[in-house]
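Enquirer: Whole structure, please, built from the sequences with the hints as guidance.
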Amino acid sequence: MTTARRMPSVQDLLLALGAGAVATAALAASPVLLPPAEAPAPGGPAWWVLAAGLWLQTAALLLARVRPRTVLVAVAAVAALVGLVAPTGIGNLADFAVIVAAVRTAAAGRTGPQAPSLLAAAVLVAIGQAADTAGSGDLPLLPAIGSGLVQGLVVVGVPAAVTSAVTARRDARRARDAELAAGLREREALVRAAVAGERTAMARELHDIAAHHLSSMALMTAAIDRQIDTDPAAAKAGVRQVRTQSRAMLDDLRRLVGLLRDGADEPDRVETLATVRELVESARAAGRAIELRRLGTEPRDVGPLAQFVGHRMVQESLANAAVHAPGAAVTVDLDGREAGEYVVSVRNAAPGAPAPGSSGGFGLVGMRERAELVGGALEAGPDGDGGWAVRLVLPRDRTAEDVP
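full-length UniProt numbering numbers the first residue of the sequence shown as 1 and each following residue consecutively.
Rather than coming from a laboratory, the hints here were simulated on the basis of the structure.
Ideal Cβ placement from N, Cα and C applies to all residues, glycine included.
Keep in mind that the hints are not guaranteed to be accurate.
Quick list of simulated restraints, FRET-style, between CB atoms [as the list claims (entries may be wrong)]:
| # | residue 1 | residue 2 | range |
| --- | --- | --- | --- |
| 1 | L206 | A178 | 40 to 48 angstroms |
| 2 | E379 | R173 | 49 to 57 angstroms |
| 3 | A350 | D231 | 25 to 33 angstroms |
| 4 | Q11 | R174 | 15 to 23 angstroms |
| 5 | E372 | R176 | 34 to 42 angstroms |
| 6 | E341 | T230 | 46 to 54 angstroms |
| 7 | G386 | E341 | 21 to 29 angstroms |
| 8 | E188 | V10 | 37 to 45 angstroms |
Simulated crosslink set (SDA-like; lysine to any residue; CA at most 20 angstroms straight-line) [to be verified]:
| # | residue 1 | residue 2 |
| --- | --- | --- |
| 9 | K236 | T221 |
| 10 | K236 | S246 |
| 11 | K236 | R284 |
| 12 | K236 | D225 |
| 13 | K236 | L214 |
| 14 | K236 | A218 |
| 15 | K236 | R247 |
Expert: Now the structure itself:
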């Protein structure tokens with residue numbers, strides 16, 4: 001305990017002097033306020049004993065914040081001693097200091113057990129009150145004892161109970177405020193994490209869009225370069241396809257930017273497994289050999305987010321096949337034959353010419369993370385015939401709404 005902790009504060013001084021002043025003023029005014037037969041003679045031995053007890057209690061209250069339980073028992077003992085030594089009939093004036101000490105003790109309840117001190121103080125107050133009223137002749141012994149017990153309960157028990165209730169309510173409010181502050185900090189952390197996740201998702205979306213469209217445009221321009229002299233009509237058709245692909249890429253980029261805007265006027269087109277056909281038809285229009293096979297049931301019980309993940313997987317797999325296996329045949333399977341899962345797979349045959357080296361991009365990593373996000377699983381690797389296969393397993397949700 002530091003020196004500052006041991007020293008009484010200004011609040012301690014004012015509180016002690018206030019309690020002592022009230023009790024002393026009541027003692028000084030007792031000859032005026034009470035009948036002469038009931039008031040102690042001013043300057044008499046009993047009067048001075050009571051006054052000394054009040055001043056002693058005032059001095060003890062200076063340490064009520066530092067030693068609340070000790071001070072409570074001490075001021076209650078002074079009240080009992082005054083009642084036993086010099087009964088005046090107004091010994092309850094010493095109870096002012098006991099009330100202050102009881103409040104201090106109850107307010108400091110978290111620093112240690114307070115029940116023994118409160119009980120001891122109540123007993124001492126009861127003894128002092130009983131001795132004062134019986135010794136002064138105000139009441140017979142048994143009624144005086146009953147009066148003392150009531151006085152002990154009122155002087156010690158009631159202030160302590162009220163203070164404990166107020167303190168508990170204050171602590172509960174502080175705990176609630178701390179919980180709200182912690183919840184606010186947690187929400188802010190979640191928002192920051194969500195923003196970081198959105199940035200990563202946008203980067204993947206940009207990669208997917210650019211890889212899909214630019215790979216097709218690269219193949220088209222290579223074909224145009226070969227056909228421009230030998231087959232000008234086909235070259236012109238290829239130029240138109242390049243223009244179509246560039247417009248599609250711009251549309252996708254606009255859609256992605258629209259996701260960043262608040263309050264868009266029109267909803268974005270939903271990409272699902274049903275729109276995989278559009279991907280295949282677009283790739284076929286670019287001159288690629290792609291087969292789409294639908295097996296089993298329709299994916300109506302596959303959730304919207306899972307269907308979006310499946311669509312993106314097909315889109316990027318087709319783009320990867322165009323880059324790493326140009327000219328190779330590609331097969332896209334939408335397999336709904338299993339009861340608990342829906343399988344989307346894309347396989348390309350071995351490339352007819354050496355494929356360029358891997359770009360080391362984020363495509364496969366992004367596909368796998370999106371699959372895990374919806375509770376699915378993704379496998380990718382070479383097959384036994386020198387080609388490449390990507391297999392995505394999506395969970396079925398029997399409670400999912402039908403997705404167009």
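Enquirer: Give a verdict on every hint.
Expert: Hints, one by one, checked against the model:
Checking the proposed 40 to 48 angstroms range against L206 and A178 shows it holds: the Cβ atoms sit about 42 angstroms from each other. The beta-carbon spacing between E379 and R173, approximately 55 angstroms, falls within the hinted interval of 49 to 57 angstroms. Take A350 and D231: their Cβ atoms lie about 28 angstroms apart, and the range 25 to 33 angstroms holds. A hinted range of 15 to 23 angstroms for the beta carbons of Q11 and R174 is consistent with their spacing of about 20 angstroms.
Take E372 and R176: their Cβ atoms lie about 38 angstroms apart, and the range 34 to 42 angstroms holds. About 49 angstroms separates the C-beta atoms of E341 and T230, a value consistent with the hinted range of 46 to 54 angstroms. Range check, G386 to E341: about 28 angstroms between beta-carbon atoms, so the 21 to 29 angstroms window is met. The hinted window of 37 to 45 angstroms between E188 and V10 holds, with their beta carbons roughly 40 angstroms apart.
Pair hint K236 plus T221 holds up; C-alpha atoms about 11 angstroms apart against a cutoff of 20 angstroms. Distance hint between K236 and S246 is fulfilled; the C-alpha atoms sit about 15 angstroms from each other, no more than 20 angstroms. At most 20 angstroms may separate the alpha-carbon atoms for a hinted pair to count; K236 and R284 meet this at roughly 17 angstroms. Restraint check for K236 and D225: the C-alpha separation of about 11 angstroms stays at or below 20 angstroms, so the hint holds.
For the hint linking K236 to L214, the alpha-carbon distance of about 18 angstroms falls within 20 angstroms, and the restraint holds. Of the pairs offered as hints, the one joining K236 and A218 holds, with about 15 angstroms between alpha carbons and a cut-off of 20 angstroms not exceeded. For the suggested pair K236 and R247, the alpha carbons sit about 17 angstroms apart, so the restraint of at most 20 angstroms is met.
Going down the numbered hints, you'll see the structure goes against none, and every one checks out.
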